[in-house]
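If you read the protein sequences in the order shown, they are chains C and B.
Under numbering that gives the first Met the number 0, read the first sequence as residues 0 to 251, first letter to last.
Under numbering that gives the first Met the number 0, read the second sequence as residues 0 to 483, first letter to last.
There could be a bad hint or two in this list.
To be verified - With the Cβ distance kept under 8 angstroms, some of the chain B side facing chain C (calculated, not the full set):
#1 MET414
#2 ARG454
#3 GLU462
As the list claims (entries may be wrong) - Stretch by stretch, here's where chain B covers chain C in the computed footprint (C-beta under 8 angstroms, at least three residues):
#4 106 to 118
#5 140 to 149
Since the hints were derived computationally from the structure, they do not count as laboratory data.
Heads up, the beta-carbon is just placed ideally off N, CA and C, and yes, glycines get one too.
Letter by letter, the chains look like this.
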Amino acid sequence: MRIALFITCVNDLMFPETGKAVVRLLRRLGHDVDFPAEQTCCGQMHANTGYRAEAVPLAKRFAGVFDPYDAIVSPSGSCAAMVRDSFPGLAPGDGRVASVSARTYELSELLVDVLGVTDTGAYFPHKVTYHPTCHGLRMLGLGDKPLSLLANVRGIELADLPAPDECCGFGGTFAVKNAEVSTAMLTDKCRNALSTDAEILAAADNSCLTHIGGGLSRMRAGMRVMHYAEILAAREHDRGPSAGHTGEGVLR
Amino acid sequence: MTIPHGSGNLVGLPFPTAAKPRVRDIGLRANLRRATGTIRAKRAAVVEEVERTGDWEPLREAGRAIKAWTMRNLPELLERFETAATEAGAVVHWARDADEANRIVGDLIRARNQREIVKVKSMATQEIGLNEALAAQGIEATETDLAELIVQLAGDEPSHILVPAIHKNRSEIRELFAARMPGTDASLTDEPAALAEAARRHLRAKFLSAKVAVSGANFAVAETGTLVVVESEGNGRMCLTLPETLISVVGVEKILPRFADLEVFLQLLPRSSTGERMNPYTSMWTGATDGDGPSDVHIVLIDNGRSATLADEVGRQALHCIRCSACLNVCPVYERTGGHAYGSVYPGPIGAILSPQLTGVAANKSLPYASSLCGACYEVCPVKINIPEVLVHLRQEAPKNAAEKSAMATMGWVMRSRRRYEAGLRAARMGSSPWRGKGSLSRLPWPMSGWTSSRDLPVPPRESFRDWWKREAAEGTGANGEGE
């Protein structure tokens, strides 16, 4: 099976460690993964902010770049949801867009549904709480796939996040256009996260994690955020969560 | 031909401006947290009962399908309703907008020489601002729904579709009754039963003397000309049965094709709204019946922007709404701002898609953005209105500011080419390199100041993912880096 990594523009620039983790993980599980360098952005921000006309060529472009592959995997719930949920409506009647859209998976979908993986062989001796991000939860219907993979990580201690299905308040440009309300939502998400006494909050989307992590960092809360792919890729000889995963001190 | 938009209580200040003081109102936040939390839990419990038997999703789908079919056949169904209701002895009036509806209702009341009327809780009459319009004609309308009465006594606006006084707690209500409700004993406590009893005594006199009642309707059955009102208190039933004249103001989208369709909606509505298996009072009337209830029955069918909404193939699903409020109660935005921030009698997620369509998006352009698109509303909607889809759809139509427009166009242009995209990545990394040592930024200029008002922002690392991929491939380490 030819698997292509759709890194997403945000991860490409800001969170390369997440992409590296996906590559390491898939190779370790015996799968080849390619990175088509022509890829750019899926157009989610354009489409969701009211600039649909800008998103349409990006959807068509995406389909051209990824068409040669059997499966496209993305470490972002909302970008995967954009491709799978919104692309067909952006380019109605475009068979290639529809076909590529249907072959696009969020990481846990590829692992659990397509590759039949239950245990990634990871080792991560830390207390972690998991936040199921809105688009992963409601648009993709990830259910407990990411958590079931995390549950099989050796050394991990998972703590249930209270009110897990409540939005963190990110919502793309919502966080800027409605900063007051967004902050009020973020405060409750952080309060719930801190109540678990976990060291790390993990999720399937670095955009949401940038938001939650930005709040925790501002509060000097002593809790950090991490993409769950980096946990699934972690091995025994890795040096703790602060090394190798932060990429030059990127605080999230 | 452009179809006219609606008027009435549908537009307020821009949402971010109106939300700010509400988010900072600690008492309001506490009231909303408690109330929405309670209703959410009640709804979840009674919906779960039906989910367990596998019936909830088929019910929702039936509700959606009936409403979708109704909207496609609305003109014919409305005429059928008019014929059936007229044959049963009602008089049907048509109103293009709020002013026309208010004029029709006012004229009917004045023609009967009445100065005081009683009202059944109704969103349609709140939408058109009927009470204010009647007051201008010297007619005093008394709200008889307990929560609407509270809002009316306070000179306030409703902030929730089902629980209009959700923003007030019981001690605030006690104060209000003591100060504003005639005949209230100073020893009144804030026990819910005592408050309800005080309101009951106040309202009883109104029920017994009123000659005219005004209501809305939850459903209007085209097949039979029947109107339906569901409620909890029985005060609606008093208004619907005691006075001689009954005037019902009904949005044209309230039509159901057949009487049997009520089977679906009378299961969906109470579980989604009050969290009950069945609501305590369901009143139905078909025209006028000799010796039984009002003998002078009028129905005012209002458009007020509904035809314009119907013309939008994506947005028209907002007209499927049965006003249950489930979307308000699960919405993380509503829970933190309350209903007044939306500036419309229709608050919350449904209000964010309904109000701008009734008024035209240009007149109400901040509401489609009053959502993080988390999708909780769609998940609970009993008729499966895809609220996030409509929000995104309406954002396309909303007027944009020039700076945002040009930023988005530039971003789109960059993303359409690998060369430009890679140059953009390089520029972002170089531009932020002076701050790389800090790890994160805590203060940025507008528009990103909205972000850094409460959140730090990480600085991009030195090497992008694609540069790492290229480097690893060139070094022949198999782009792996794990050393296994």
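Quiz item: Honestly, which of those hints from before does the structure not fit?
Solution: Hint check: 4 and 5 fail, others pass.
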